[in-house]
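J.: Start from chain A and add chain B according to the hints.
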Amino acid sequence: MNDRKPAGQQNPMESAATRNKKPNTKPAKLTRDVQARLGQQLRAMYDEVVNQGVPDRFTELLNRIDGHGDKDKQ
Amino acid sequence: MAMDESVRKAVLAAVPSLRAFAISLCGNVDRADDLVQETLLRALANIDSFQPGTNMSAWLFTILRNHFRSEYRKRRREVEDGEGRYAETLKSQPEQHGQVEFKEFREALSQLPSDQREALVLVGASGFSYEEAANICGCAVGTIKSRVNRARTRLAELMSIDSADEFGPDEQTRAVLAGGER
Numbered sequence: 001m002n003d004r005k006p007a008g009q010q011n012p013m014e015s016a017a018t019r020n021k022k023p024n025t026k027p028a029k030l031t032r033d034v035q036a037r038l039g040q041q042l043r044a045m046y047d048e049v050v051n052q053g054v055p056d057r058f059t060e061l062l063n064r065i066d067g068h069g070d071k072d073k074q
Numbered sequence: 075m076a077m078d079e080s081v082r083k084a085v086l087a088a089v090p091s092l093r094a095f096a097i098s099l100c101g102n103v104d105r106a107d108d109l110v111q112e113t114l115l116r117a118l119a120n121i122d123s124f125q126p127g128t129n130m131s132a133w134l135f136t137i138l139r140n141h142f143r144s145e146y147r148k149r150r151r152e153v154e155d156g157e158g159r160y161a162e163t164l165k166s167q168p169e170q171h172g173q174v175e176f177k178e179f180r181e182a183l184s185q186l187p188s189d190q191r192e193a194l195v196l197v198g199a200s201g202f203s204y205e206e207a208a209n210i211c212g213c214a215v216g217t218i219k220s221r222v223n224r225a226r227t228r229l230a231e232l233m234s235i236d237s238a239d240e241f242g243p244d245e246q247t248r249a250v251l252a253g254g255e256r
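As given, the protein sequences belong to chains A and B, one line each in that order. If you read the first sequence in the numbering used here, its first letter stands for residue 1, the second for the next number, and so on. If you read the second sequence in the numbering used here, its first letter stands for residue 75, the second for the next number, and so on.
Bound conformation, chain A alone (with noise of 0.2 Å):
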C-alpha cells in the first residue's frame, strides 16, 4: 500500500514569477507573462511553416501560368 498523495497542485508559483518579472499591473485577467508566452508559441508555430519556404509546387504552378514552365523544369 502506498499512501503518497498527489502534492502541490495549488502551487502559485507562476503567479509569483510574474510579480517578480514585471511589476505591470493590468487590469485585464491575463498577465503580461502569459501573453508574452501563448504570443511566443503561436509565432513559432506559424514560422515553423513560414521557415519551410516556398514548396515546388508554386514555384511551378506559377511558371505554368507564366507560360514558361518547360524552360524552368530541371
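It should be emphasised that the hints constitute simulated quantities derived from the structure, not laboratory data. None of these values were measured; they are calculated from a predicted model. A virtual CB, placed ideally from N, CA and C, is assigned to each residue, including glycine. Treat each hint with caution, since some may be false.
What the hints assert, rightly or not - To give an idea of the chain A side of the interface with chain B (calculated C-beta under 7 Å), a few residues: (1) L38; (2) L42; (3) M45; (4) F58.
T.: Structure of chain B alone, referenced to chain A:
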C-alpha cells in the same frame, strides 16, 4: 499569360505565410496547400483588380480567407460539426511539424471558434495590424480587437487547465510506479 515580374515576386514572397495561415484555418497541411493553390489561381485570374501600391500579401490573405469560408460553409452543411472535425484532423497528425511542445498549444488553438482563431493568427503571427486584419476579415476594427482578446483569454484558460490535468495523473502514475518497485 505573361506575368509582371514584380507581381510574380510579391506572390511568391507571400506563399510561406499564406500556407501558415491556411494550416491554422483548416488544420491539415494537404488541404492547406490546395487552398493556397486555389487562392493563387483566383488571384492571378483577377490580378486586374489588385491595386498596385497596396499590400499584395493582405490582398492574397483576403482571397484565401474568403475562399476558405465559402468552402467551409459548404463542407459544414455536409458534415455537421466543423470544429470537431478540425480538432480530429489535428489529433490524427500530432507531430506533423516535429515539435511535441506545440501539441498542447495546437489543440488549445483548435478549440477556439474559427473567427477568434483567424483574428488571433492574423494579428499575433502574420503580423497584420488590427486595421489590416479587419479588412481581411471584412469586419470592424473593434470586432477584431475583441476577437483577439477573447481568443487570448480562452487560450490561457485552456492551456492552464491542460497543465493542471497533466500534473495530477502524472504524480499518481509516479506514486504507483514507485510503490510497485518496492
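J.: Hints numbered earlier in the text: which of these fail when held up against the supplied structure?
T.: none
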